[in-house]
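Colleague: Since chain A is already given, all that's left is putting chain B on it; use the hints.
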Amino acid sequence: MTTIRINDTVPGSRVLAFGDYRPARVVTNDDLAATVDTNDEWIRSRVGIVERRVAAEDETIVDMAAQAGGKALAASGLAPADIDLVIVATCSAETPMPSHAASVAHRLGIAAPGAYDLNAACAGFCYALAAADAAVRTGSARNALVIGAEKMSQWIDWSDRSTCIIFADGAGAAVVGAAAEPGVGPVAWGSDGGQSDRIRIGSRHEYIRQDGQAVFRWATTAVAPVALAACERAGVAPAELAAVVPHQANLRIIEAIARKVKAHNAVVADDIVRSGNTSGASIPIALSRMVERGDVPSGAPALLVGFGAGLAYAAQVIQIP
Amino acid sequence: MAAIATEQDILKGLAEIIDEIVGIDKSEVTPEKNFIEDLDIDSLSMVEIAVAAQDQFGVEIPDDELRNLKTVQDVINFVQNLQKPQG
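In order, the protein sequences belong to chains A and B. Counting from 1, one number per residue, gives the positions in the first sequence under our numbering. Counting from 1001, one number per residue, gives the positions in the second sequence under our numbering.
Next comes chain A alone, as it looks inside the complex (with noise of 0.2 Å):
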């Protein structure tokens, strides 16, 4: 009988750098107050927002994309050559096709790469890394270029209090190569389909709207446990762990989930405070940030856990580069 042959000579994937970019532009909460009927300290106490940035007019998601991309593929000192896969994760896209993850590819001078766009919204760049670190470890790309890219205010109605607070543009990425030493865990993930219309954007016509209390109410208790199981997949206790890197939804949810997961040693992401929830782009934007700024040591074990429409959701524990 034939058989089929994976590559057995790469026993597991890590992060090799992260890069992110935020628009120049900040919108403050006063400047919101300007225009809908809100305020500096509900907003602060609500979802913990003080600042958020907001692209430009004519910047795309694949201009966000590739400055985040390339700023992930320098640090790493790999070349573009040596990339094999790109990933785009978003759910805030301007057109169905083509692919961002092809113009991406072609802007950082990647020649010929699998690429593919993916959606599981604000779980994406737990599914991408997913996606990146089992294409590695099976051979089909040697190293992989991972992007989570959102321009979430083309979908805001800027009267809607309930959203125009929350949401912001950004992308955040990651290089994933082969490791001797698995660097990223197995991933916890699943979904929820009977509870599509949470969180949603009900035609190309229409602006994202989202039904905050349930959504909270989810958030603070099912995702807990999805962190918990990544760990438990990766042999990873949560006191060992360094870092926690929840999607940045609403700082009341990631404290919830931090609480839970009684990570005692690690530092919680906070970023959404400056740079609002940008959706699918917001772990690989705190991550990046995190990392510049020296939070947490390299070789340090991160938790990273992603949730949001679909429901979808998604855990792994990686080290940091």
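I should point out that these hints are in silico values taken from the structure, not numbers from a laboratory. Think of the CB as a built atom: it goes at the ideal place given N, C-alpha and C, for glycine as much as any other residue. Heads up, some of the hints might be wrong.
Unchecked claim - So, partial list: chain A residues that the calculated Cβ filter (under 7 Å) puts toward chain B:
#1 Gln-213
#2 Phe-216
#3 Arg-217
#4 Thr-220
#5 Thr-221
#6 Arg-252
Claimed, not checked - Every beta carbon over 10 Å from chain B, so not counted as near; a handful from chain A, in silico:
#7 Met-1
#8 Arg-137
#9 Ala-180
#10 Val-267
Modeller: Just chain B now, kept in the frame of chain A:
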């Protein structure tokens, strides 16, 4: 299923939950207190408290019901009513 709790048990359990989630001292949590007006607890914290109460007392408090639970006593009554053995 959780054992049926007395009014005192529920008050004590609720005070511990509120202390854990919003950091309000247990002695502040008395039956007549209004969550929003007296304890300064907002709707998001109420959701977290409801979920924790669900785990502790084995009684589901859905968002629709939560809106009507204004005081500590309201929650005690709600939990006690649902804990009574059904027909």
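Colleague: Which of the stated hints cannot be reconciled with the structure, identified by number in ascending sequence?
Modeller: Violated hints: none; all satisfied.
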